[in-house]
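S.K.: Residue strings, one per chain:
Protein chains: 2
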Amino acid sequence: MLTHYPVVNKNGDTITSAVTNLDLHDIARVGKTYGIGSFFVVTPLTDQKALVEKIVDHWTKGAGGVYNPKRRQALELIRICDTLADVADSLEKSYGVAPKFVATTARKQKATISFETFKPFLNDGSPYVLILGTAWGLTENVLKNADYVLAPIAGPGSYNHLPVRAAAAIMLDRLMGDIKS
Amino acid sequence: MLTHYPVVNKNGDTITSAVTNLDLHDIARVGKTYGIGSFFVVTPLTDQKALVEKIVDHWTKGAGGVYNPKRRQALELIRICDTLADVADSLEKSYGVAPKFVATTARKQKATISFETFKPFLNDGSPYVLILGTAWGLTENVLKNADYVLAPIAGPGSYNHLPVRAAAAIMLDRLMGDIKS
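Chains as they are written, first to last, in this note's numbering: chain S, -4 to 176; chain U, -4 to 176.
With the rest of the complex left out, here is chain S (with noise of 0.2 Å):
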């Protein structure tokens, strides 16, 4: 899921960030790739839904999908939702039970979980929601209120400006993929 509310700014205030167009496709291609169930959007406002719509509807019912099918496969994952709350009851209908919320953050955070430990919790059998946050991250009510907080991804050195969807792809291959094949 790649959230644009709630999300901080540089100064740390709470904010509606835009939706990015190419956030949208990377991530759809990466959650193909690696066999997701949905890629929601999460953004409250009505001018920005209509934009997703607008750009999934191209791609999958329009003269996008047309031209390249594989695209269409992709973008056909996207669900469009106001709230992290509709999320949740989305998956519940569909899973029913209610999903686990696992937060990303790029920030030092006190209690969080690394890849490697978190991995085969997702054999579980519960519907598990990736959160990722666009703008300066996550607020800190949601990292608070997430079932699981993954460790920040890290290089050898302190520069971590990694854009959303290389997170993404990051993460998705360290839960999903296999480095071995």
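Copies of the same chain are indistinguishable here, so a pair counts whether it falls within one copy or spans any two.
PhoX-like cross-link-like pairs, simulated, lysine-lysine; straight-line CA separation at most 25 Å:
| no. | residue 1 | residue 2 |
| --- | --- | --- |
| 1 | K114 | K175 |
| 2 | K44 | K5 |
| 3 | K139 | K105 |
| 4 | K114 | K139 |
| 5 | K5 | K139 |
In short, the hints are calculated from the structure, not lab data.
Assemble chain U onto chain S, guided by the hints.
M.R.: Relative to chain S, chain U alone:
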């Protein structure tokens, strides 16, 4: 290294692809995160080289670098070269030893090496160049002449249409990231 020539198009013909602004930003930011030495952008076309130079200058010497110093640090990694041979020459001059070329592909190949098997080779003291192709990927000739060809990144299904930006992120994380941290 991200190469725009020689790569293949949808029909398998060898072409020169156009530079994509976002590929430069995303791959530079991922490269900076994982501590790579340089990010070579390969294209023999004069106007495309000028475009890359303009983008890099904006973020490293111009207004962009003042506005966003983190972006400056990432884009400073970019070096522009005409050909793969020029990349080899440049690295041999810097390191005093010929680099090893590691090609990547989304197509199934006969002699590929898994990321897990290849990873320890990075500590043998040689400079290594990871070659990513744009468009429909590297030519057979580049694959044949590389020192290694990494196994395609695959999910559980048959869908294999990752953006090159996402592939770069996943590859650098597999080779230089730490899933245990």
